[in-house]
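Next come the chains, spelled out residue by residue.
Protein chains: 8
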Amino acid sequence: VDPKRLRDLLDRVSRGETSPEQAIESLATLPFEDIGFAKIDHHRQLRTGAPEIVYGEGKTAEQIARIAERIHLAGNTAIVTRVDREKGEAAIPMLAPQVEPHARYEAKPRFLIVGRAMPKSGRGTIAVVAAGTSDRGVSEEAARTAELLGNEVERIDDVGVAGLQRVLSVRDQLEAAEVVIVVAGMEGALPSVVRGLITRPVIAVPTSVGFGASFGGIAALLAMLNSCAPGVTVVNIDNGFGAGYAAALMNRRREQ
Amino acid sequence: VDPKRLRDLLDRVSRGETSPEQAIESLATLPFEDIGFAKIDHHRQLRTGAPEIVYGEGKTAEQIARIAERIHLAGNTAIVTRVDREKGEAAIPMLAPQVEPHARYEAKPRFLIVGRAMPKSGRGTIAVVAAGTSDRGVSEEAARTAELLGNEVERIDDVGVAGLQRVLSVRDQLEAAEVVIVVAGMEGALPSVVRGLITRPVIAVPTSVGFGASFGGIAALLAMLNSCAPGVTVVNIDNGFGAGYAAALMNRRREQ
Amino acid sequence: VDPKRLRDLLDRVSRGETSPEQAIESLATLPFEDIGFAKIDHHRQLRTGAPEIVYGEGKTAEQIARIAERIHLAGNTAIVTRVDREKGEAAIPMLAPQVEPHARYEAKPRFLIVGRAMPKSGRGTIAVVAAGTSDRGVSEEAARTAELLGNEVERIDDVGVAGLQRVLSVRDQLEAAEVVIVVAGMEGALPSVVRGLITRPVIAVPTSVGFGASFGGIAALLAMLNSCAPGVTVVNIDNGFGAGYAAALMNRRREQ
Amino acid sequence: VDPKRLRDLLDRVSRGETSPEQAIESLATLPFEDIGFAKIDHHRQLRTGAPEIVYGEGKTAEQIARIAERIHLAGNTAIVTRVDREKGEAAIPMLAPQVEPHARYEAKPRFLIVGRAMPKSGRGTIAVVAAGTSDRGVSEEAARTAELLGNEVERIDDVGVAGLQRVLSVRDQLEAAEVVIVVAGMEGALPSVVRGLITRPVIAVPTSVGFGASFGGIAALLAMLNSCAPGVTVVNIDNGFGAGYAAALMNRRREQ
Amino acid sequence: VDPKRLRDLLDRVSRGETSPEQAIESLATLPFEDIGFAKIDHHRQLRTGAPEIVYGEGKTAEQIARIAERIHLAGNTAIVTRVDREKGEAAIPMLAPQVEPHARYEAKPRFLIVGRAMPKSGRGTIAVVAAGTSDRGVSEEAARTAELLGNEVERIDDVGVAGLQRVLSVRDQLEAAEVVIVVAGMEGALPSVVRGLITRPVIAVPTSVGFGASFGGIAALLAMLNSCAPGVTVVNIDNGFGAGYAAALMNRRREQ
Amino acid sequence: VDPKRLRDLLDRVSRGETSPEQAIESLATLPFEDIGFAKIDHHRQLRTGAPEIVYGEGKTAEQIARIAERIHLAGNTAIVTRVDREKGEAAIPMLAPQVEPHARYEAKPRFLIVGRAMPKSGRGTIAVVAAGTSDRGVSEEAARTAELLGNEVERIDDVGVAGLQRVLSVRDQLEAAEVVIVVAGMEGALPSVVRGLITRPVIAVPTSVGFGASFGGIAALLAMLNSCAPGVTVVNIDNGFGAGYAAALMNRRREQ
Amino acid sequence: VDPKRLRDLLDRVSRGETSPEQAIESLATLPFEDIGFAKIDHHRQLRTGAPEIVYGEGKTAEQIARIAERIHLAGNTAIVTRVDREKGEAAIPMLAPQVEPHARYEAKPRFLIVGRAMPKSGRGTIAVVAAGTSDRGVSEEAARTAELLGNEVERIDDVGVAGLQRVLSVRDQLEAAEVVIVVAGMEGALPSVVRGLITRPVIAVPTSVGFGASFGGIAALLAMLNSCAPGVTVVNIDNGFGAGYAAALMNRRREQ
Amino acid sequence: VDPKRLRDLLDRVSRGETSPEQAIESLATLPFEDIGFAKIDHHRQLRTGAPEIVYGEGKTAEQIARIAERIHLAGNTAIVTRVDREKGEAAIPMLAPQVEPHARYEAKPRFLIVGRAMPKSGRGTIAVVAAGTSDRGVSEEAARTAELLGNEVERIDDVGVAGLQRVLSVRDQLEAAEVVIVVAGMEGALPSVVRGLITRPVIAVPTSVGFGASFGGIAALLAMLNSCAPGVTVVNIDNGFGAGYAAALMNRRREQ
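Residue numbers (my numbering), protein chains in the order written: chain H, 202 to 457; chain A, 202 to 457; chain B, 202 to 457; chain Z, 202 to 457; chain W, 202 to 457; chain C, 202 to 457; chain E, 202 to 457; chain P, 202 to 457.
Some hints could be false.
The calculated SDA-like cross-link candidates involving lysine to any residue, where the alpha carbons are at most 20 Å apart (straight line), are [as the list claims (entries may be wrong)]:
no.: 1; chain 1: W; residue 1: K309; chain 2: W; residue 2: D285
no.: 2; chain 1: P; residue 1: K288; chain 2: A; residue 2: A262
no.: 3; chain 1: W; residue 1: K309; chain 2: W; residue 2: R286
no.: 4; chain 1: E; residue 1: K309; chain 2: H; residue 2: G259
no.: 5; chain 1: E; residue 1: K288; chain 2: E; residue 2: M319
no.: 6; chain 1: A; residue 1: K309; chain 2: P; residue 2: P302
no.: 7; chain 1: W; residue 1: K309; chain 2: E; residue 2: Q374
no.: 8; chain 1: Z; residue 1: K321; chain 2: W; residue 2: R455
no.: 9; chain 1: C; residue 1: K309; chain 2: Z; residue 2: T261
no.: 10; chain 1: P; residue 1: K288; chain 2: P; residue 2: P302
no.: 11; chain 1: E; residue 1: K309; chain 2: H; residue 2: E263
no.: 12; chain 1: Z; residue 1: K309; chain 2: A; residue 2: G338
Okay, the calculated beta carbon distance ranges per label pair [unchecked claim]:
no.: 13; chain 1: B; residue 1: E355; chain 2: W; residue 2: E218; range: 53 to 61 Å
no.: 14; chain 1: C; residue 1: T400; chain 2: H; residue 2: E263; range: 36 to 44 Å
no.: 15; chain 1: B; residue 1: R454; chain 2: A; residue 2: K321; range: 15 to 23 Å
no.: 16; chain 1: Z; residue 1: D373; chain 2: A; residue 2: P320; range: 55 to 63 Å
Think of the hints as simulated: they come from the structure by calculation, not from any bench. Each residue gets a CB set at the ideal place from its N, CA and C atoms; glycine is no exception.
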């Protein structure tokens, strides 16, 4: 599947250095490690230098520890998302002794991290705007994701559309960013307003903040998908991680 | 049901001017006229001076003509809503000769009107704001309803949140109104933004303008119901008439 | 953004009392206070005399205390909504010593209040009708909001459509109000019936009272949006606060 | 499957009048006629005397004619529902010559009928109430169904909850009925109000009359399912036929 | 509102036995008792002899005790529905001493009852069929409601469509009933199958039994509303009480 | 991607018969033909002998003709689904002269077919049951798909759950089949009933037959997904083709 | 209902060995045992040799024990699904002493099993693929169901579409199976990808793994129903049991 | 609102070149042109060099012509989206004579364009992938938008997940792009698969291609929002324009 690897292999077969049988076996040695309940793709990490992301919800502390450990021992950084405090603190002591010192739990974004953040790189900064104080769990997930992937992040909190001065007062900061992430619940109007004020791409993150007909974030999600301001793209409800990751891709220098 | 009428009746019974049998019959002479397929409430009109509103959708031209005619002959004004041009133009010649000259069809709000608008009264003006040119059918329905009910109306068009200067440029006009109606489709963010800029009550009207995940106006409706700016109340999708009517009630002087 | 303030500033620049640099800085001194996780808009309160409303859900007791404190110290009244008893009672002792005596928790509307209610003013009274005993949490939120914003409130409880005499028996009270708030769950029919009996504007509040196909208040919400009685406007499910606030705006004398 | 028939058969087998083979074949002679694209249950009609009902939507004029013809020739009456005028008028000339004179198309309930209505019987009358003139297509479907099934029907039109006098004025008529069918669109509040006024069972029929958030009758359907007045049962949106049929069952004398 | 009462009153006014003022006051003495948070309609009970039903969800034990007590003291029976065991057992000791001995809590239908069941009457029996053992909470609510309202009830449990013999084996029992209530969750197919086998009216009760795409009973509700067997009417999800009440109305002798 | 092909290639490289460069180019010669707006996978057809299926909706007659032509010229059979009559009859004359004689349009399943059906094979027959006459368009799509893929098909029509004898009378035919496809709209109860009577796997196809709360087939879809009879699997609404194809896979002899 | 049994009975009646009365009684002795709150179909088990499946949710430990006990005593195996650990461990000691030793609780599929698995038979193996580690509860329910019904099962875990090598690396294993069950949450894309790679039928099981707009598995369910790869059939969200059962039916040799 | 403009203005006021009155008036001369039914923001175009986008749906040919004309006369390019052929061809002759030669209608993306595309710039190319031939209307809207905004675009058609070779064969082309737009209907799985193969950001566009439970694109939309491959952001159903615009922003060089 990797063209260079395939060409090398064929060259070796052609030169008689590798038999066809060995070549097939080699191709079958797939670039991931199978630990039974999970298959870990070390190859992708080696290729991109990015941390491996593990979805923590629905996994036990034991499973999380085993997966994160293998990632770390293969020389990579593991970020486990959506880990509540109790599970995170249970998982760390379950790590192998040489891995445990490299692990930490971060409560706000609910991350278990084993290893180091990527070095700062990227074309510019990523701005993360939260409409209300209640949206900050999600915005922090976005901000930390972008930071761990090697980006400068600027956090801007409590910027609601009902007080437009607050939005206007941060316009220059937003325009200066390479990409802007806007996190909002309730009526989800902030991404449209922000996008109308600046020339940068906006990633909108609906949150489940609200009640009644917010339907757990559906109202905000729909508002963002229907934004009259072109250039807004949207991620799943409460998906701060996905927004931070997408912003990191957009902010990436091509040569990386 | 009308306390004064009941007291008068009882007084007359008490004085022997009316027999109990007559009193019962009189109470049974209900204050509406039954024309078979419809019951027309002339009494309400006489009491309030307001035109009688008829929902035109799903009624034939013939039915519309018969109902409007009876209302007019009882001395009131009839407004038939949601009448498309073809049906409206078919209904007018079906009116009685003495009624027809008082009838006209208005294409933008899709009204068939028989009779005169109420004289201008009310505490102040009603501002009707449309987010986009495509929302104007609904905003015109709201504006004409308010005018026919005796209000001064100020129309403001094409004020989208993606171009905030347009909103800011009309703030003083909006603040000067007694009530502000805001009509918007797509993400429905305008009522929140407007309400944050002024101190007047805002009636939000979601429209079915949009596509895909606007779901025929649901996105805008939900956004408006979840407005983070308190003081926004909402009517049904595309219900310009309902908004105009509610605004008229709010703008009404108590002594009316 | 405030035209008067802008004119004063320009006048001072024009008279040489203020340099252009100072003017820009002055405009940049935005009319809100930034306390990190929140931006507090003292200006709006000073201008309107209204209490500042804080959405309490999803905020910690600590955050609530800090925000309410700053509002109070700036000379305003803070109302924090949707605060459950435990959080409310935890937040009060976290207030600064000079602020704490002005704070109180109200269990029925779930409000944490720091400061005084606005003095009574307004054109008339606001009637708050609850369809059932189970709807009273929401109706009390509406009633207290209106009271704290300076309105006379009349509460009417347990008025269901299945016993029409109950509705008819309070008609005169309702007609006497300036605005009527109607709170109902289940099939949400009460606002239509009330609106048909009186000439005042009706704000309908759907509640999540019900089960099965009430879908947490959706049935009542849809019924209210589709009311055949014009002049009914609607707020979000269980949004007693929003209804009380909107009613207060409608009841406000223009000169305020 | 029919106990009496089974006992007779077994008696005949027991007396040697029928061989076991014949008995099995006889049971296999199923009590319906198979005409290829349809299986017609003449047996049910013979047993109950009720017309056979055919769902007309999605069937061609040709199919409708063939099915109705077979029903008639077997000595029964056929009612084909949801037949638009064009299809109905096309189907009649396709009937066999001896059947055609017994066929007629009724436009309001959209029925194609071949044969006679059942003779009047039943415990009492069935009242069919329509909230608005636009609901009359559905209410007529209910009324005609009940009539064809041998019931006295009383039609009451244009009785909306926004004009309570209209409801109150017909209370005695409603109370006098054995069963009351209430047909309403928009917010669907009328069945609750009617049920609160009388002691008879109420069958509620939501209609698709309305716009926007009526969602083609969902709002009315939900309101009716959540009625706070016990004793209301509900049928599908626009299902006048189903309501008429259920009412006929409820009105049926046991000995029938 | 009660015609006889009105006529008597007018007669007395006419004969000078009552002054008009007294008559008005008498009419104003509404036929319910207002105990602040609730308005109790003793009149309806006196008129119909039926117990007064109170919706228990969302009410405190204290409120329930107060309401039930007043109903009992007025000579009627109170049924409070949807009362969980804890609340029910807390409410009984809060009753007045002379009322408490008449109160009992029934766990299966979750009823708090104060007073006696109505004497058995009605045209015939009411059959209550439950599709599965898990549906029995709802079916018991239906059965007990019907019994308390004075009906003979026959319970039939665990009759699923996947084992048709079970349905066929109880057909004669079902046909013998005056009305049949069918309670089912999951795909909700049982009412259609039952209705196809018998000639009695069927009231279908969808339950929230199921998982995934049963969506808390929506799948069963929709199946029942779309039944291809005419004569099925439907109540809200898990609304055993409503079904039992409606069946009681249908089974009522006219002279009651 | 095809292991055998890869091994052959590597063998040839190993023996010097193919250079590494040629091998890479050969792998790059992807097993499909690119005709600009479509990529046609001739390889899959050659491997499996099955016709190539093209989704016809949203494609022009011209596009359909071009794609079908290329498939036929590569020695395979093309089935284009969801082609209405007008488009189908327009596409045939657009085919190349040597292809046109092999093409035909079938109106009931709405197929354009170019080439021959697969020879009959398979373990047994596939039964296709339609609940009503209106469901036959979908059931015919299923039946014809299965036939074209080389299966014996038995069609059984008009078998509704409201007339259980009809279902019982065909039980033996159903049990004799290898797989049973059950097509039903409205309440979608038939697959549960059928599955309860036989021991064969059932594929359920919900149809959009119905009105009101059938919501275009959602009611039937949900009922089928929630079947209490295990062994029922479900396809999309009106997806007769998908059911026929899945049944063909299940009926396939392993050696094929 | 069982034709052979009916013929035997009729033969006996014909030979005078059985009276018609006895025959009727014998037919009434239905092939299930009624234990009050449940009717147990021993007959089906005897006929097919398959375990009897009981839906455990909503049943008490006592009810589960009673039902499972009767099944076991009738010589069959009982599988009770959706039993959480606490209930399962409570039920086992409630079994009769001679039954208890045959009972065990399995935590991963949440099964209470009384008796033995069926002996291995079937045409081939059933592969059960889980997209992620979090989906394994559901995939284990599918795998164990298939095993208990007598099938060889191959489990393949953690095969997500975002790492295609993982899917490609197991293609041969999947192709070798008779039927493939694919379990996936989130976007539910795996069944389409798997089906495109192999020629076997695929049963897709959506899971509730995900957050926000996954809506508890609706996103995955819809994706699977709309699969562009024909031959995918779908079961309810999280319905591992249903998928395992359907796969067992498809894998069954005809002579069984 | 524009800081530079404000500073210049204040400088002129400070130097006495402009009076405060003139300054206020100048600020009030808002940077858009009001043509009655629309407000046109020439300023934004001048500042960014980008064409002005007009939403064409719900506007008359006359309105479109007037708006496009004004944009062109102000020296900018107008793109009107969602214009069907008939309206587009009607609008062009309505343009002023000097504008008409610059106008053209493009049928595939349904654009009316007046003026020239922006000169090519941007960091790299934008790849636009369509899953099926039926998705090409939407993908062409995306591609043309990106081209008109000055980007190199590479179109790749008919790449479905059911034929993975087609996806794998274009991987290098996709990796070479700066941003990748993936357009897909039905189950919407393609963006996840593509994102798993490359390191570039992916913008997913769900289309309404599909039937039944695709619900007009909802299935694809939900699948994309729930993508397990991080770095996918989503736009509204069928919103090719929005995707093209967002991609253009991401591909923009900072200095622009």
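Against the structure, the hints:
1. K309/W - D285/W: 10 Å, holds
2. K288/P - A262/A: 30 Å, violated
3. K309/W - R286/W: At roughly 10 Å apart (the allowed maximum being 20 Å), R286/W and K309/W satisfy the hint.
4. K309/E - G259/H: Status holds; Cα separation ~13 Å.
5. K288/E - M319/E: Given that 20 Å is the threshold and the Cα spacing comes to 25 Å, the pair is violated.
6. K309/A - P302/P: The hint is violated at about 33 Å.
7. K309/W - Q374/E: Violated - the C-alpha atoms of Q374/E and K309/W are around 52 Å apart, more than 20 Å.
8. K321/Z - R455/W: 19 Å, holds
9. K309/C - T261/Z: 13 Å, holds
10. K288/P - P302/P: 17 Å, holds
11. K309/E - E263/H: 15 Å, holds
12. K309/Z - G338/A: 32 Å, violated
13. E355/B - E218/W: 53 to 61 Å: 36 Å, violated
14. T400/C - E263/H: 36 to 44 Å: 42 Å, holds
15. R454/B - K321/A: 15 to 23 Å: Distance hint for R454/B, K321/A holds at roughly 21 Å.
16. D373/Z - P320/A: 55 to 63 Å: 41 Å, violated
Hints 2, 5, 6, 7, 12, 13, 16 from the list above are not met by this structure, while the remaining hints are.
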